[in-house]
Amino acid sequence: MIELSTEVAAALTEGRPVVGLETAVVTHGLPRTPWPATLPLPHDRWRPGEPINVEAARAMSRAVLAAGAAPALTAVLRGALRAGLSESAIAELACDPAVFKASARDLGPLLVRGASAGTTVAGAIATCAAVTPVPIRVFATGGIGGVHPGWTTRPDVSGDLIALAQTPVCVVCAGAKSILDVPATFEILESLGVPVIGCGVSHFPRFVCPPDPALPLPHQLDSPDEIARACLMHWALGNPSAVLVVQPVDPTLAVPIQAYEAAAARAEADARRAGIEGAARTPALLDQIARLTHGASLRANIGLLLANASLAGRIAAAMSAQERARKTT
2 MIELSTEVAA ALTEGRPVVG LETAVVTHGL PRTPWPATLP LPHDRWRPGE PINVEAARAM
62 SRAVLAAGAA PALTAVLRGA LRAGLSESAI AELACDPAVF KASARDLGPL LVRGASAGTT
122 VAGAIATCAA VTPVPIRVFA TGGIGGVHPG WTTRPDVSGD LIALAQTPVC VVCAGAKSIL
182 DVPATFEILE SLGVPVIGCG VSHFPRFVCP PDPALPLPHQ LDSPDEIARA CLMHWALGNP
242 SAVLVVQPVD PTLAVPIQAY EAAAARAEAD ARRAGIEGAA RTPALLDQIA RLTHGASLRA
302 NIGLLLANAS LAGRIAAAMS AQERARKTT
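Here the sequence shown stands for residues 2 to 330, numbered as in the numbering used here.
For the record, the hints were derived by calculation from the structure and aren't laboratory data. These figures come from a predicted structure and were not determined experimentally. Glycine included, each C-beta is placed from N, C-alpha and C at the ideal position. Take these hints with a grain of salt, some might be off.
Said to hold, decoys possible - Cut-off 20 Å, straight-line C-alpha distance, at most; resulting in silico cross-link-like pairs (EDC-like, lysine to aspartate or glutamate):
no. : residue 1 : residue 2
1   : LYS328    : GLU15
2   : LYS328    : GLU227
3   : LYS328    : ASP226
To be verified - Using C-beta positions, here's what the derived DEER-type ranges look like:
no. : residue 1 : residue 2 : range
4   : PRO217    : GLU15     : 18 to 24 Å
5   : PRO214    : ALA131    : 36 to 42 Å
6   : ASP251    : ALA131    : 43 to 49 Å
7   : MET234    : THR154    : 27 to 33 Å
8   : ALA260    : ALA131    : 39 to 45 Å
9   : ALA260    : THR14     : 44 to 50 Å
10  : ILE163    : LEU238    : 34 to 40 Å
11  : GLU278    : HIS44     : 46 to 52 Å
12  : GLY239    : ARG325    : 21 to 27 Å
13  : ARG273    : PRO41     : 32 to 38 Å
14  : PRO214    : GLU8      : 39 to 45 Å
15  : SER87     : ALA131    : 26 to 32 Å
16  : THR253    : THR154    : 37 to 43 Å
17  : ARG46     : ASP97     : 22 to 28 Å
Please model the entire structure based on the sequences and the hints provided.
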């Protein structure tokens with residue numbers, strides 16, 4: 002059912018840590034153009050002439066590797082569900098103008114159609130959970146989808162939330178995307194029984210913006226070892242849901258909430274006028290906000306993607322060590 006790269010298959014067979022990664026950020030979430038010359042590079046290994054979406058995928062993979070785990074980028078590629086992508090596969094996805102965006106509900110039809118798609122959080126964690134011989138238990142992304150503004154008149158709610166309620170994976174993120182109704186998203190997570198654990202933060206993060214001071218977190222654990230133990234205990238008790246681990250964007254990169262909200266309001270108005278809806282809405286909003294914030298939201302987005310990949314790698318390594326220790330006692 003799922004085609005694994007040689008590296009991912011070997012790591013899973015040998016009981017080594019693996020981190021799943023989404024690819025909707027590559028296919029729909031980030032620009033396909035090189036890094037703007039007016040902005041400082043995200044890090045010293047960033048290749049400025051390469052498309053941002055391709056370099057981001059490479060950089061996230063390197064961050065996972067540096068933390069001691071194997072990266073498993075997930076995608077649908079020409080009718081095959083993949084976990085672990087080659088450089089050529091990443092480039093193919095990143096450059097295909099007709100590529101789809103796959104939530105969990107879309108995987109079956111897209112596989113039958115022989116299509117290609119980047120995976121959302123829901124699509125990626127569904128893939129991680131279905132991997133054999135053992136599932137991938139840790140996953141990293143930028144920010145989860147959630148409840149969109151205006152949900153009381155038009156209930157636009159991401160499938161990510163339902164997937165989190167049903168899939169036993171540790172999901173590392175910077176909270177919910179800032180364009181969402183973050184308080185409503187936070188409430189839905191509680192209603193769905195998804196534990197939210199802060200790492201280095203006591204309030205719910207808002208993606209590229211500082212954490213929301215009005216949303217205190219129920220739990221804070223600041224070491225990968227503690228987080229890994231909490232995840233394993235959660236699942237050992239029979240809970241079917243994900244564990245959402247949130248950490249804030251680097252304060253030096255965070256976009257002030259007032260500036261972000263002003264840009265988001267203008268982007269929302271532009272999207273309504275253009276009739277942009279459905280899966281195309283979030284990418285269009287994020288692209289417009291990046292322009293309106295003069296690249297500040299883009300810098301923050303890349304920074305949190307790499308930080309989350311690194312933390313996920315450390316959690317996966319701790320979880321793998323704990324499971325090995327349990328088997329030998």
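Going down the list of hints, with the structure as the test:
1. With a CA separation close to 13 Å, the supplied pair LYS328 and GLU15 stays within the 20 Å bound.
2. Restraint check for LYS328 and GLU227: satisfied, since their Cα atoms lie roughly 19 Å apart, inside the 20 Å limit.
3. Of the pairs offered as hints, the one joining LYS328 and ASP226 holds, with about 17 Å between alpha carbons and a cut-off of 20 Å not exceeded.
4. Here the CB-CB span from PRO217 to GLU15 is close to 41 Å, at odds with the stated 18 to 24 Å.
5. The hinted range of 36 to 42 Å is satisfied by PRO214 and ALA131, whose Cβ atoms lie roughly 39 Å apart.
6. At roughly 34 Å, the beta-carbon separation of ASP251 and ALA131 lies outside the given 43 to 49 Å, and the hint is violated.
7. The hinted window of 27 to 33 Å between MET234 and THR154 is violated, with their beta carbons roughly 40 Å apart.
8. In this structure the hint that ALA260 and ALA131 lie 39 to 45 Å apart at CB holds, the actual value being about 41 Å.
9. Look at ALA260 against THR14: about 48 Å separates their beta carbons, and that is inside 44 to 50 Å.
10. At roughly 21 Å, the beta-carbon separation of ILE163 and LEU238 lies outside the given 34 to 40 Å, and the hint is violated.
11. Hint check: GLU278 to HIS44, Cβ distance near 36 Å, so the stated range 46 to 52 Å is violated.
12. Judged by the Cβ atoms, the range 21 to 27 Å given for GLY239 and ARG325 holds: they are separated by roughly 23 Å.
13. With their beta carbons about 34 Å apart, ARG273 and PRO41 fall inside the hinted range of 32 to 38 Å.
14. The beta-carbon spacing between PRO214 and GLU8, approximately 42 Å, falls within the hinted interval of 39 to 45 Å.
15. Against the hinted window of 26 to 32 Å, the Cβ-Cβ separation of SER87 and ALA131 comes to about 21 Å, which falls outside the hint.
16. A C-beta distance of roughly 38 Å is found between THR253 and THR154, which places it inside the suggested range of 37 to 43 Å.
17. Between ARG46 and ASP97 the C-beta distance comes to about 25 Å, which sits within the given range of 22 to 28 Å.
Comparing the model with each earlier hint shows violations of hints 4, 6, 7, 10, 11, 15; every other hint is respected.
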